[in-house]
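Asks: Based on the provided sequences and hints, a complete structural model is requested.
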Amino acid sequence: MRVLVIGSKGFIGSHVLKHFKAMNHEVYGADVVVDYTSKNYFHVDSVKTGFKEIFERESFDLCINCSGAGNVSESLVQPLRDFRLNTVNVFEILEAIRKHNPDCKMINLSSAAVYGNPKSLPVKESQDCHPVSPYGMHKLYSERICDEFHRFFNLKTLSLRIFSAFGEGLHKQLFWDLFKKSLESNTIELFGTGKESRDFIYIKDLVSLIELVSLNAKFDGRPINAACGKEIIIQNAVQTFLSFWNPKVKVRFTGRERQGDPERWLGDVSKIEALGFSQKYSLEEGLSNYVSWLRKEKQ
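The number in our numbering is simply the position in the sequence shown, starting from 1, with 869 added.
Everything labelled a hint here was simulated from the structure, so no lab data went into it. Among the hints, erroneous ones may be present.
[What the hints assert, rightly or not] With a Cα cut of at most 30 Å, we get these calculated DSBU-like pairs of lysine-lysine:
no. : residue 1 : residue 2
1   : LYS887    : LYS1149
2   : LYS1119   : LYS1167
3   : LYS890    : LYS1119
4   : LYS908    : LYS921
5   : LYS887    : LYS974
6   : LYS921    : LYS974
[Unchecked claim] Ranges between beta-carbon positions, derived for each pair:
no. : residue 1 : residue 2 : range
7   : ASP997    : GLU1053   : 12 to 22 Å
8   : ARG967    : LEU1052   : 42 to 52 Å
9   : PRO1116   : ARG926    : 33 to 43 Å
10  : THR906    : TRP1045   : 25 to 35 Å
11  : ASN893    : ASN1055   : 43 to 53 Å
12  : GLY1038   : ASP914    : 18 to 28 Å
13  : VAL946    : TRP1045   : 18 to 28 Å
14  : SER928    : ASN893    : 13 to 23 Å
The beta carbon of each residue, even a glycine, is placed where N, CA and C say it ideally should be.
Replies: As structure tokens, then:
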């Protein structure tokens, strides 16, 4: 396949690019980062996006949109920026595909943040969505846009609702936060009670799932959960990370909730299991690899 990865310099995008290349696909990258050395790379203007020019110049079998803002807290401070990056860009990508490359399939990376605080677990794709942050709301809008272009223009689209992805290259969220704070003190504080939960998916499992979806899923505009189907208590995840990184570090949970953070997450994975997905990396294996990467970063 000829594959375009938009947001190819980001955490997920860079892994997707590498994985699809390893699977012998003809892969192109696109991002706002200037890169004069990479082959098959498009520089996208951060102010005036150039998706139209990309699809005018080349045709693709698959476009994977890994771009966008990925910070819940920042979406509360700069909601317009978040809207443009997570919603407007999706519309512009699909409009470029509609006009210049209508046979190109589109995978849009959405987020479990669209669910907010689910009424029941595991959360199914059919469950009502009640986002608790602008970020979650904007990701939900992007899914509606994918559905719009499928229903009205017959484009092959779908959205992957990614739960808590982690792994080498991630410079934010829980485990990165633990790493950075532990460099300053052996006693650190975290938001929440520690009793909250997440459904963690290691980056290598996620990119394998993305390829599996690209080959086997129905591109019918509908969302699909991208999770492992295991509810992990945050307190346990923290201790697992510290067992690899620094067991001497002590953590205190403040009990204060951070605006935009849901309480519990566990994804229903029946859709991706039907496509052939099975988790290959446990939380422990993923965190061991992540910590090895962090040690190199520290040097």
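Asks: Against each hint, give a clear statement of whether it holds in the structure.
Replies: Comparing the hints with the structure gives:
1. Between LYS887 and LYS1149 the alpha-carbon distance is near 18 Å, which keeps this suggested pair within the 30 Å criterion.
2. Proposed proximity of LYS1119 and LYS1167 is supported: the alpha carbons are some 20 Å apart, at most 30 Å.
3. Restraint check for LYS890 and LYS1119: the C-alpha separation of about 41 Å exceeds 30 Å, so the hint is violated.
4. Between LYS908 and LYS921 the CA atoms are separated by roughly 20 Å; this keeps the pair inside 30 Å, and the hint holds.
5. A distance of roughly 19 Å separates the Cα atoms of LYS887 and LYS974; the hinted pair therefore holds under the 30 Å criterion.
6. Taking the CA atoms of LYS921 and LYS974, the gap is near 16 Å; set against the 30 Å cutoff, the hint holds.
7. One distance hint, 12 to 22 Å for the beta-carbon pair ASP997 and GLU1053, is violated here, with the actual separation near 42 Å.
8. For ARG967 paired with LEU1052, a C-beta distance near 48 Å keeps the hint of 42 to 52 Å intact.
9. Between PRO1116 and ARG926 the beta carbons are some 53 Å apart, a value that contradicts the proposed interval 33 to 43 Å.
10. For the pair THR906 and TRP1045, the supplied restraint of 25 to 35 Å holds, since their beta-carbon distance comes to about 27 Å.
11. A C-beta distance of roughly 47 Å is found between ASN893 and ASN1055, which places it inside the suggested range of 43 to 53 Å.
12. Restraint check, GLY1038 to ASP914: a C-beta distance of roughly 24 Å satisfies the suggested window 18 to 28 Å.
13. Roughly 19 Å separates the CB atoms of VAL946 and TRP1045, a value that falls within the hinted 18 to 28 Å.
14. At roughly 19 Å, the beta carbons of SER928 and ASN893 sit within the given window of 13 to 23 Å.
The structure fails hints 3, 7 and 9 (numbered hints given earlier, in ascending order).
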